[in-house]
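Following the hints, position chains B and C against chain A.
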Amino acid sequence: MSHRPIITLTTDFGINDHFVGAMKGVILGIAPEAEIIDITHAVQAFDVLDGALAISQAYSYFPNGTVHVVVVDPGVGSERRPILAASDGYYFVAPDNGVLSLVYAREERVHVRHITADHYFRQPVSQTFHARDVFAPVAAYLAKLVDSHKFGEEVDDYVKFAAPKPKTAGENRMRGVVLKVDRFGNLITNITPADIPALFAEKPSFKIVIGNREITQIRSAYAEGAQGEVFGILGSMGYLEIAANRGAAAQITGAGKGSEVSVLLGEAAAAGKGA
Amino acid sequence: MSHRPIITLTTDFGINDHFVGAMKGVILGIAPEAEIIDITHAVQAFDVLDGALAISQAYSYFPNGTVHVVVVDPGVGSERRPILAASDGYYFVAPDNGVLSLVYAREERVHVRHITADHYFRQPVSQTFHARDVFAPVAAYLAKLVDSHKFGEEVDDYVKFAAPKPKTAGENRMRGVVLKVDRFGNLITNITPADIPALFAEKPSFKIVIGNREITQIRSAYAEGAQGEVFGILGSMGYLEIAANRGAAAQITGAGKGSEVSVLLGEAAAAGKGA
Amino acid sequence: MSHRPIITLTTDFGINDHFVGAMKGVILGIAPEAEIIDITHAVQAFDVLDGALAISQAYSYFPNGTVHVVVVDPGVGSERRPILAASDGYYFVAPDNGVLSLVYAREERVHVRHITADHYFRQPVSQTFHARDVFAPVAAYLAKLVDSHKFGEEVDDYVKFAAPKPKTAGENRMRGVVLKVDRFGNLITNITPADIPALFAEKPSFKIVIGNREITQIRSAYAEGAQGEVFGILGSMGYLEIAANRGAAAQITGAGKGSEVSVLLGEAAAAGKGA
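Protein chains in written order, with numbering that gives the first Met the number 0: chain A, 0 to 274; chain B, 0 to 274; chain C, 0 to 274.
Worth flagging that the hints you see were computed from the coordinates, not collected in a lab.
Misleading hints may appear alongside valid ones.
One copy or two, it doesn't matter: identical chains are merged, so the pair holds either way.
[To be verified] In silico EDC-like links for lysine to aspartate or glutamate, alpha-carbon gap of 20 Å or less:
#1 Lys149 / Asp117
#2 Lys164 / Asp87
#3 Lys143 / Glu34
#4 Lys164 / Glu78
#5 Lys143 / Asp87
#6 Lys143 / Glu32
#7 Lys256 / Glu78
#8 Lys256 / Asp155
#9 Lys256 / Glu170
#10 Lys143 / Glu78
#11 Lys166 / Glu32
#12 Lys149 / Asp46
Extracted from the complex, chain A is given alone in its bound form (with noise of 0.2 Å):
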């Protein structure tokens, strides 16, 4: 079969205006032949940790070799880096912003470069529109299977952050906060079972605090609960997630991103001071 090269575009700059489309134009004149899949271009506006999420939650279920945008770039036409990352498998394109530390932090080889190669660009380059006259062009050569090591010298002064983590508040005891709300209204934290394994456990003795609830239930399935009933459960991002069958839980909590989620465990949650 001949070579059909995969993209994939994940930006925040919504379906409502034309940019979208021009990228993908430019991507086309360039390589014709590539598939361009979006994974989302919903990222909150101008936030880089919501983009991570988004790219490090969809990148690795692609084939070897997908090229990988990721757009979400306030500092655009400023002095911040355009990057290419390789991983052993994937390539990602980005504003070097750290919206890639969650690939960095799941991958085990990155070689991250500071691309320069402006021939490569759409010229004029806009000031306010790189995805269109860098991003999307870079992605395309490199789509064509243009070297990586063509597009820049390898820098390792890359701008990483480290996703927030749980942290433990006194015995038993464990703060974490809601990273994400979905589609369904599932409250996504940042807990992981590595966290709190006694959380997943058998028969765990805990109690979970979050909005205006207490959550005394962890199910395995979203149709397990009574309809309506709160509880957690290990969602398929790999953390712990507040649902409802067929409920949203951030409506019913009156929690949402960013919301403190804590967890007790033992003794502690029998206690049942909650925060």
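For chains B and C alone, coordinates are given in the frame of chain A:
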């Protein structure tokens, strides 16, 4: 020309999260030559009838051999079965909760299989994201021309519901319901020409009562009405729609999804008793 | 490489209904090798100027030979003609209501045909969904390299409107209008550097009045402003934009689509009479 299979997606996942992107990645990992087309991801959350309507309105426009994936799946992770339905022209991959009911109603012959061949699944299978781990890979293998009988045994007790039908309510009087409101505010009712042929006759004597309005015009194009006028029209979905020229009938009438619509013919219309 | 035609879609259909899916199905039934790209489906309902802006900002980034389908069509089913416009590089399929006006303004040579060859249509043609039954199949046959002259006779009385231009309003004073607000809350005005070259000069003496704000800074990148500062910038669309660094200028200024924007130069600016 080489085989280029088409896979369509109809879900209630929205497009703000990574869910759809992950599904597409899984599909392309198995069937890199597949063309993936979004029908819609805006089915009302958990609303199986809304999903049934969406796929029933779009599937038949695609070429023979298309694989349609339909995921509105409040029972994910429970005992509900994943199924594969094959009609003369199409494959459908979906949870067995009735979301294919309107397809069954339109297709002469459908063979439904309970998908049990878990070596086609992505492992480990998440209890909360079968779209990624079950439906997407099965669709991809179908697109690669794996025989449908390899996915599981045929069943005949699959879930099937009837769409709500309009009811006669006394002589020359029929009551229907608004199935959905489209992007333009048109109210799509469940009334077809077969239900009330007289309504679409040359010069019908009728009255339609919906929301706060009584409607006495049937038009054959949106632009035929005066601006803002509310009228009935046989829409492209095959149902009676309540519409307004360059206006949103839903807003004007105060009616919406689930609202009652009454059609009065002849003397009943003249007598003027709306509801 | 084999012929892989590109068809783009720009509509006011939204993506919550089955409309776009049905169009894509029809296209792939005729031209299975076509690559279909969404530019946007979020043109304001019935807003022909908004559609004209969208396609004019995206079409030229696509490779030569691309077929652009543009459907903002309040007159569907009426006497308005379906047209096929061919420029040196592109085909456009649209209703003849002016939605291609900004394309006509940018292209040197355009030949416009009234599409009358109804054997290329999907039969029966719905009076309410020409996108599915007329525009989609015509685009698909164009993508299959059917000669454009086969679709109908050339016409020269096609509908064409001028985009609203800024007006001089006294000495050193110009009044424009906000054409649209983008995803980030940037206010895209209809003022270009050609209209007021002095505004984009090295050290302009000026004042821009919009909504409740007076603006005295021109920046060349969004990130140059202080956080929340409102400033003018020459945007990627070629127009003066009113923007804010990591903020929504629309919200800050209280201005929106259709709002007036005044630019005062030199003494007029110093005199400080805003409106």
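Tested hints:
1. Lys149 / Asp117: Classified as within: same-chain Cα gap 11 Å, cross-chain 44 Å, threshold 20 Å.
2. Lys164 / Asp87: Neither. Shortest intra-copy (26 Å) and inter-copy (53 Å) distances fail the 20 Å Cα cut-off.
3. Lys143 / Glu34: both (12 Å within a copy, 18 Å between copies)
4. Lys164 / Glu78: So Lys164 and Glu78 fail the 20 Å test inside a copy (29 Å) and across (35 Å) alike.
5. Lys143 / Asp87: within (18 Å within a copy, 27 Å between copies)
6. Lys143 / Glu32: For Lys143 and Glu32, the Cα distance is within 20 Å both inside one copy (9 Å) and across copies (17 Å).
7. Lys256 / Glu78: neither (30 Å within a copy, 32 Å between copies)
8. Lys256 / Asp155: neither (32 Å within a copy, 45 Å between copies)
9. Lys256 / Glu170: neither (26 Å within a copy, 51 Å between copies)
10. Lys143 / Glu78: Classified as neither; 28 Å inside a copy, 46 Å across copies.
11. Lys166 / Glu32: Neither way: Lys166 and Glu32 sit 48 Å apart in one copy and 46 Å across, limit 20 Å.
12. Lys149 / Asp46: For Lys149 and Asp46, the Cα distance exceeds 20 Å both inside one copy (30 Å) and across copies (46 Å).
The earlier numbered hints that this structure contradicts are 2, 4, 7, 8, 9, 10, 11, 12.
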